[in-house]
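Chain A is already provided as a structure; the job is to place chain B on it using the hints.
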Amino acid sequence: MDDLLLNQFLLLGAVLFCLGVYGVLARRNAVLVLMSIELILNAVSINLIAFGAFWGTISGAVFALFVIAIAAAEVGVGLAIVLLIYRNRRSVDLDDMAEMKG
Amino acid sequence: MVAQNIFFYLFAAAIVFSAFRVVTSNNVVHAALYLVAVLASVAAQYILLAAEFVAATQVLVYIGAIIVLFLFGIMLTRAKLGRDQGLTHKHWATGAATALLLFGVMAYALIDQFHWNQTPLPADTRLIAVNGSNTATVSDSMFSTYLIPFELVSVLLLAALVGAIVLARKD
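So the protein sequences, as listed, match chains A and B. Numbers in this note's numbering are just positions in the first sequence, counted from 1, shifted up by 14. Numbers in this note's numbering are just positions in the second sequence, counted from 1, shifted up by 1.
There is no bait here: all hints are sound.
Calculated cross-link-like contacts (lysine-lysine; reagent style DSBU-like; alpha-carbon spacing at most 30 Å):
{"id": "1", "chain 1": "B", "residue 1": "81", "chain 2": "B", "residue 2": "91"}
{"id": "2", "chain 1": "B", "residue 1": "171", "chain 2": "B", "residue 2": "81"}
{"id": "3", "chain 1": "A", "residue 1": "115", "chain 2": "B", "residue 2": "91"}
{"id": "4", "chain 1": "B", "residue 1": "81", "chain 2": "A", "residue 2": "115"}
In silico contact screen, one side only, chain B against chain A (beta carbon under 8 Å); selected entries:
{"id": "5", "residue": "17"}
{"id": "6", "residue": "23"}
{"id": "7", "residue": "39"}
{"id": "8", "residue": "93"}
{"id": "9", "residue": "118"}
A few chain A positions that, by computed beta-carbon distances, are all more than 12 Å from chain B:
{"id": "10", "residue": "113"}
{"id": "11", "residue": "114"}
{"id": "12", "residue": "115"}
{"id": "13", "residue": "116"}
Bear in mind the hints are in silico, worked out from the structure with no lab data behind them. Where is the CB? At the ideal position from N, CA and C, for every residue including glycine.
The following block holds chain B by itself, in its conformation from the complex:
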């Protein structure tokens, strides 16, 4: 369990640092690449929580597809490559104050509700209901309990992608 804690704090530090660079970097491409670091570290946290299928999906869909979409977006909107001082609003301090206030409220509520060390996660977060792996449990659950939401999500994806093509098509 000590090793899990070491890796948690290692990847948490990577997430916080990279996310900070995503929102403060003066270079659009660097921001996209720091976003890759955030998404990969979040996938590592999913593995710590024994959600290995979600971690694999995160790597495939987010890092594989969404980041490529972002890089296409950066190139197609001809964002200035290299340093660009105009990426952050001049009233950024108001946004920072809002975010800090929000974090204060959330941290107070979380520590007040769950305390710091009174809610340990189960020592083994795997669910051994089906074949001893969480992936099998996910698929069973998705095709029985969550079948209708699953079909709705596929229709939503189809509609969104057709809509994206219609919007971006040159007439």
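Chain A with its partners taken away, still in its complex shape:
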């Protein structure tokens, strides 16, 4: 083990992605679900940059920058929606939002 391997970055990304998926599924607070989505986006960025380094191309880094910009937009809109929900219902508990349940 003296060279950096592509697979160690990919497996790190997989661990981070699955922890994020667990957070999205198991958390009840809407802000914590948004944080878990950030974990998922970071896992994707690690994969993009690792493949960029593997193939010797810069596209991976450029797309990782796009992912960061879109994550910023997503958090802005997401937190605005959470704030609106809090203002209307005095709670951000996702279990309380069950109006669509048949």
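Leaving out everything else, chain B in the frame of chain A:
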């Protein structure tokens, strides 16, 4: 290369531990601060992969701006400060089983496809096409090949931020 491996595993351990605390912590503010540790360690991994500009952007945008947004969100929704047992769903075990199953499938696919030690990264991951630094290559690429996506992302950011203000404004 041995030093790179030592730092990789050091920061990978930090990422996994902190990410685990983000999704299991009983304190919302602690979860946000562990998220800072995750994002900083991911930036360190980017530097190991010679993507220094992405690492700097990660620190500026994620740790500088997004974490502050999260802390504002926590404060504005009056989340209970201190320990709160109600943050995790009572059926968390189903979520954990789903995540473990997903990880099993992904790990099997990755090891099956790339094997463990047959895909080393290039010894020097810098691209020396422009001025010997990846940052110059990124900027060249972004303002030539990826010019239209770049402009689209700026329009998207503008639309998202105007939308966020419209949504959160008190009428």
